[in-house]
Each structure stands twice: as structure tokens, then as C-alpha cells.
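Please work from the sequences and hints to get the whole structure.
These protein sequence lines are chains C and F, in that order.
For the first sequence, the numbering used here assigns the number 1 to the initial residue and increments by one for each residue that follows.
For the second sequence, the numbering used here assigns the number 1 to the initial residue and increments by one for each residue that follows.
Among these hints, one or two may not hold up.
[As the list claims (entries may be wrong)] Simulated coverage check for chain C against chain F, where a stretch passes if three residues somewhere in it have a Cβ under 8 Å from a Cβ of chain F:
(1) 44 to 55
(2) 131 to 144
(3) 160 to 170
(4) 199 to 210
(5) 224 to 237
[What the hints assert, rightly or not] Each computed DSS-like pair below joins lysine-lysine, with the alpha-carbon atoms no more than 27 Å apart:
(6) F:LYS400 to C:LYS191
(7) C:LYS11 to F:LYS313
(8) F:LYS507 to C:LYS11
(9) F:LYS253 to F:LYS557
[Unchecked claim] Away from chain F, derived, C-beta distances all over 12 Å, residues of chain C:
(10) TRP60
(11) VAL78
(12) VAL112
(13) ARG149
(14) TYR152
(15) ILE192
(16) ILE214
(17) LEU262
(18) PRO272
(19) VAL285
These are calculated hints, taken from the structure and not from any lab test.
Here the structure is a predicted model, which is why all the values come from computation and not from measurement.
Think of the CB as a built atom: it goes at the ideal place given N, C-alpha and C, for glycine as much as any other residue.
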Amino acid sequence: MPQSINSYQDKDTAIHHFNPVVKLVWAGSIVLLAMLVDHPVILALLFLSTIPVVAVGDIWRPWAVIMQIALWMGVVVVIINSLASPGGSHLLWQSGFSLPVIGYVKITLEAVLYGLFMAVRLMAIISAFSVITLTVSPDELLSALLEMRLPYKTAMMAALSIRFVPTMFDDAARITDAQRSRGLEMDKGNKIKRLVSRSTVLSSLLSVSLERTIQLAESMESRGFGNTAKRTHYYRVTFNRFDIIMLVLLFVMLAAAFYFLLSGDIAFEYYPSLNGFDLNVSGIVMSIVLMSVLAGLVPIAWLGGDKHNDNH
Amino acid sequence: MITIENLTFRYNGSLVHALQNVNMQINSGEFVLISGKSGSGKTSLCRVINGLIPHFHGGMISGTVNVDGLSPIDTSPGIMSTKVGMVFQDPENQLVTSDAGHEICFGMENLAFPHDLITERLENVLEMLDISHLRNRPFREMSGGEKQRVAIASVLALRPEVLILDEPTSELDPEGYNKILSCLHFLNRELGLTVIVVEHRLDRFIEYADRLIVIEDGQIILDCPARLAMAEHGDCLQSCGIGLPPVVQLHQKLKERGALLASVPLSVDEASRVFKEVFNKPLSIITDNNGVTGSVPAVEMDGVSFYYSKGIKAIDNVTLRIDRGEFVALMGCNASGKTTLVKLANGLISPDTGTIKILGQNASNNTVAELAASVGVVFQNPGDHLFTDTVEDEIAFGLKLRGLSAGQIMERVNAMLCRFNLEHCHGRSPHDLSMGEKQRLALASIMAYNPPVLLLDEPDRGSEERARQYLISMLGDYSSTGNTVIMVTHDVELVAGFAGRVIMMDKGKIIFDGDKHEVLPESMLYSPQINRLVKRYKHQGVSSKFLTADEVVNAIK
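Structure below.
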């Protein structure tokens, strides 16, 4: 069976074998920083530091598909922000007419750039998430989330939803085939028309998935799911030296980042005009630390070597 | 082991009782087969035994149930799981994790077993079911039969006293269900596990069963030893739409003709002793070769190959021609390329090499929607087909596309509703129908507009004998009016009874293609019961081409 590209890729790489807890903390750090930091250079670095991980994890193709969607979302963000944000001192274009409620439409350089860096922020977050979905199997995710003291049912829900993504895509493909075979025209017309003609697939998919969910719940219930408050975990994530080193590095980096954020050294203002683009010494130090720690996942994963879990 | 007294149950929101005044007792170590047509209440009965009813499904329940000292009505399914293990129909929908090791541990973790105990049980159950080699293999790479064995292992790890399986083989190919059969036989005979199998097909399980229980409309109408049921209650079973195993049919038919026979056989092996006298002389088959094999080609494939993305051949250089008016069975194990062949024929996928012609026209020149006019396809899961709001719209859809007038459409829709016994579903949403009704509706929506080529991908899955017979006779009529019917199926006994031609596939290639009397005896996995029986008398001069009880009876005359 061909592997579906929207879910866990079962591969034999250093990134796949690396401790899932550390990977989750790594991705979490990127998401956290991407949301807190404003400086465009650092945002770009956050995104770039995920690329070596993608390369070593051998997940280019599915990653590229996901990033393509992220890119389109980014374009939408830029357009909306450019049109909707009137702040900024460098006027690029102004409409010659006034619209009701909004008034004159103004596009400023600052608004465009702000939108652009919002898009970069979005891409960094999505890229980090996709590394997790593509290199952590649902079973590992469950073990990792439990290791991180997440409540059992919540962790199970997260793992199950990832486990059933490929199943749902298979269902959708099968349903599309069946409905096209009945003469439902899905090949003709423009993109929007095709999208609308596929809406019938969704209603069938919903009904098929619901049925599947009920059967799954029955099977879980009859094997004692949720029976005891305390549950044992047979498969544990084990930590070796390198995992610990990476975790420590990540936490030190996060602490440093918070220090710089609070000190205002890497502050950046978009409005009314761009201010703070030139990084001072501590800003540069910060960027280097950040980049090397995040991209450091790759060498550490190589050094960490062997399989991390399945030791019980 | 299990005692049920005066059990009555009704689902919430339902007006009829799913179970009515059920009394039953199952002893430790028994192998019980529960049968009945779909919707008769057999699944509900299982759910009561492991406590999913009322704890998961709710509803109104009365009466007493006792399973090894516990009442499932008052005990949660979690606690019951150490008494009763339940395995469901579709392996895909009951596996929570992504490999065998994790799956087997799932239940034990839920019950907070200590680490050492889990290790012990895990190793034990892997060995017991002979699936140690599957331990770290992802489910994605397993066959249905392998997944189903993991599902059985995952409930056995909790050491239940009773194992209940709800149609465990209906999604499997012959290779898969043979493995499950021998596995259940071993668990029951060697380890003394009480096994309850819910199944409307008797031929696969009856030889292992101690007892047969038949449920109709929520009531037990037959509860007796399996052999007695076969010997004396055949009529009762048939009136419930349950088909008798072919060797039992043969026994019944020969007896009616006054043959002196020992008691009814339940397996081919027993039959070979019982029918010794019948087959002690040469017998040759009388085939009524009235196959209306026309000379107008309907589907032509020439050197067709199709690759998966990674260069794996799904279809490997297939050349075949199927004429108008033919009724063809397409058989082969899972992943042998049957469904891919169907998709090629209606244009959902295009061949990488070779050409496909439908009614003389090159298929690649048309879109799927255009081809749909000449090629109607009914896929496995009827839920996939249905997308309109009402049952009528569903049937009318194909007619509207073909520009029929409103009056004609209405007339045709009503005729189809009547023909497929769907009148009572009038105006309902297709998604609210039962499985059997959905299957009939999916078929009705295609047959309504009379496509000259009709392709069916396991249309009979999970339906009981009578429904299958009806389906087959209808398809037979359809092909006799010059239409081509191609049906993908695993059901050997069904194919033995109908069809002229059988095409057998393996690994993307056609390995056999010809008359059913030529093809089926050649295949080990796909030879019907009667055929396996007559082959044992080859040295007596008995033709090894017999496929059904009727053929044997006619030859003896």
C-alpha cells in the first residue's frame, strides 16, 4: 500500500528515532518563540532552523505539500493585513474612492511588511508542527504526552486523531471514486465548481467516520478503556545522555530568549515605521544561540543514535 | 458460564424490542454459533453479554444475565473485559494503536496490570496465536486476517473465559478466514476457551460448533446441538434466510430421493465417509452449456499494466475480453488487483500501458462521468455511494443525468423501490438505512438506468443467504437481457451456483480464466465444498468438476 503523505512517515532516520519528548519540546519552543518574538530576522531564523531537521528526517515531499498550503495561508494574511491595517507612515497606494464604513483604502509599506512577517511566523509554526506529525508515530506521541504528565484521556485523544488521519484520507478517496463512478462530474469546471461538486463527498465522509468512531469506541470500551483512574504504561520513553543535553539546551535557550525579550534588546516595531531592524550585540548573540540550539537537534539526534523507546 | 433469563431489551429511540424474552445457557468450553439474518438481534445479544448494553448503548433492559458470577448489567465493560473478550467485524475499526505490541498491551494497561505481568502475557499471547513475527509490524502492512488475529490477541491478553466474535471473517479473503478458523478451533479445543461466533454463514463454522442458536426478531427460535440442527431443522433455518452448508444440502437431497445414508456430515471430511456409497462408481457431470456468450465485446483490455506510485505493479500486463451478456465472477485474494481492475474499467484510473475499450470505444477518451453511462459500478461500502437527501433522489440521480422526463423518472423510481424491497424506506435519508437496505439502494441507484456493463465489488458482503440468492437471480436476469455483469467476490459457494465464467487473479495477473467448472477445481483456496468432496473420489472415476449439490444430484439420476 502506498503511504499517505499527510501523516506519520515510517522511516529509518535519526530524526525518527530521536526521543519524541525532546522533539515535542523542540517544536513547542519554536511555536512559543514564534508567537512572542517580533523581530523579522529571528522569525526567519525560527523557520530556517526547522529545515535541516526536515532534510535529515527525509520528509521533504509531504513537508512541501503542507508548506504549500501554509504559503497560501501566508498570502491571504499579507493581503488582508495590507488592506485592513491603516497604520504605517509610508503610503504605497490609496484608493481614489471612499468605501462605506471603512473609508479610504490605504496600503502602507509597514502593513505589507507586517503581514509578510506574520506569514513567516505562521510558516515557522506550521513547519515545526509538521515535523512532529511526520516523524512521531501515534504510539510514540501517546507515550511522550504521558511522559509529559498530560492526562491520559487527553493524550489518547491526540494520539487517536493522528492515527486516523490516513484512514480518513483513504475513506475520502474511496468515497470520491464511488461518487464519480455514479456520474457525478468532478473533473470539469473551474476550481470552485470542482470544490462544490465534492461537497457531497464530505457528507458521506462524515457518516462513514461517525460509524467508524462508534465501532472504535465500542472496541476500546470492551477492553477496559477508562476503567481505572490509574493506568499503567508499558511502553515508556527512555532518555539517554544526549536527550538530556538537548532538553537542557532547549530550556537554557528559552530562558535566554525570555531574558532578551523582557530586556527589550530584540524589540521590533512595525508601526508607525519600522524600528529596531539593526540588531545590537545581544540581539545577534541571541539569534546565534537560538539558531544553533534549534538546528542542533540534528547533530544531537545523530549522536543519540539508537532507538529511544521500545525499552521496557 | 453464561446464564440469561427473561432478557428483554430495547434501544433508546426504537419502538421494537431488539431482544425479547431471551433465555439461554452456555456452558464452559462450548463452541456456540449464533445465527440469524441481519437485524435479528444477534449482535445485541453479544453486547449484553459483555456489558456494552446497557453501559455503552443505553436503552431499556430487563431480566437477569450472569457471566461467571458477574452480572454485566451492573458491572462496567472494563471489569467484564476480564471475563468476556469481544472481537468485532471490521479489523480496521477496532485497532486503537498502530502495531501489534501496542495493541495487545492496550487492554492490560487500561486495567493497570503491573509491568512484569504485561511482559509475560504479551509474550504468551503472541506465541499462542503464532503472531510473534507481527509484533513490530505496522498495521498498514498487515493483511485483514493478520489484523484480525492481532485483535483476537489483544482481547485474549486479558484472559477472558469467553471469547465472542461478531462476524469475524466477513471482511477476509479465504486465506485470512482459514487462519482465523484454525486459530479459534485451537483456542476452543486445546485451551478450553468458551467461543461464541456470530455468523449468518454456517458452512465455515458449523463443523467446529457444538451448538447452534438461531435468533429471529429478537427471539431465540432454535437452540440445539449443531448436528441435530443440520439433521432436523434445515427447513427452519432456510425459512430464516440462513443457507445450509453444501454437504448438508447434498445429504438432504439424496435422502429425499431415498438414499440410505449415515447421519448428516458437518465437514468435507465427514462427508467423504457418509457419501462413500454414493461415489463408489464413476459419475460424470452434466453441464447445460447454454451460456449465451455473445460475440459483441463489452470490455476489452489489451496488455494493460498499472503501477502504484513507487513502481509496484498493481496490474501486470492483463489482456482479456468480456462479451455482452456474460456473467463473470472476478476472484482472488485481497490485494490481487481486483478492485484496481474495476477502477481501470470505469476510467477512475488510466492504464500506464495498454488500451481499454468499453463497448468498442477507447475508455481513455471519456471522463469518468461520461463512462458512467455505459459502466455502472457498485463498490464494497454502500455508504460511499449515497449522497442525496432521500432514497428516491438517490435512484433518480442517474436517471436525471440521462435526461428522462419527470414522469418517466417517477415511474422508474417506483419500480426500483418495489424491485429492491425498499418501499418502506420511502422518503428517508439514505444514511439512516440499515446495512442491507443501503446495499440494495446502492445497487438500485445504478441498475435504475440500465448500464450495459455492471461491475460489482463484493456487493454481497455481510448479507444473508436469502438476500444473496435474490441478488444473484436478479443479476442473472440482468445479464440475460444482453447486459454484462462482472462481480468481484470471495464467496466461492455463490460463484459455484451461478456465473458461467470465472477470472482468477493473483499479484496483478490473471492466473485462470474460463468456465467455472474448469477454473474453480484448479484453485486450492477457492474450490467449493462439494468440489473438495468429489476430488477425494477421483480414483473411482468421479468427475472432479462438480461444484454444487444440485449438479451431483442431477448426475446420479
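Hint-by-hint comparison with the structure:
For the region 44 to 55 of chain C, the stated coverage by chain F is not satisfied: 0 residues place a CB nearer than 8 Å to a CB of that chain, which falls below the threshold of 3. Taking a C-beta to C-beta cut-off of 8 Å, the region 131 to 144 of chain C contributes 4 residues in contact with chain F, enough for the three needed, and the coverage statement holds. Using a Cβ-Cβ cut-off of 8 Å, 4 residues of the region 160 to 170 of chain C lie near chain F, which meets the minimum of three, so the contact claim holds. For the region 199 to 210 of chain C, the proposed coverage by chain F is satisfied: 6 residues have a C-beta within less than 8 Å of a C-beta in that chain, meeting the threshold of three.
A count of 11 residues in the region 224 to 237 of chain C with a Cβ less than 8 Å from any Cβ of chain F is obtained; the coverage claim is therefore met, three being the minimum. Taking the CA atoms of F:LYS400 and C:LYS191, the gap is near 24 Å; set against the 27 Å cutoff, the hint holds. Restraint check: the Cα-Cα separation between C:LYS11 and F:LYS313 comes to about 22 Å, which is no more than 27 Å; the hinted pair holds. Of the pairs offered as hints, the one joining F:LYS507 and C:LYS11 holds, with about 26 Å between alpha carbons and a cut-off of 27 Å not exceeded.
About 12 Å separates the Cα atoms of F:LYS253 and F:LYS557, which keeps this hinted pair within 27 Å; it holds. Every C-beta of chain F lies more than 12 Å from that of C:TRP60, the closest at about 15 Å, which supports listing it as non-interface. Every Cβ of chain F is farther than 12 Å from the Cβ of C:VAL78; the closest lies at roughly 34 Å, confirming the non-interface assignment. At roughly 40 Å from the closest C-beta of chain F, the C-beta of C:VAL112 stays outside 12 Å, upholding its exclusion from the interface.
Non-interface call for C:ARG149 relative to chain F: holds, since the shortest CB-CB distance, roughly 16 Å, exceeds 12 Å. A cut-off of 12 Å between C-beta atoms contradicts the statement that C:TYR152 is not in contact with chain F; the least separation is 9 Å. At the 12 Å boundary, the C-beta of C:ILE192 stays outside the reach of chain F, the nearest C-beta of that chain being 18 Å off. Its closest Cβ contact with chain F, about 9 Å, brings C:ILE214 to no more than 12 Å, contrary to its assignment away from the interface.
In this structure C:LEU262 is separated from chain F by more than 12 Å, as the shortest Cβ-Cβ distance comes to about 43 Å. A cut-off of 12 Å between C-beta atoms confirms that C:PRO272 is not in contact with chain F; the least separation is 52 Å. Residue-level check passed: C:VAL285 sits 43 Å from the nearest beta carbon of chain F, beyond 12 Å.
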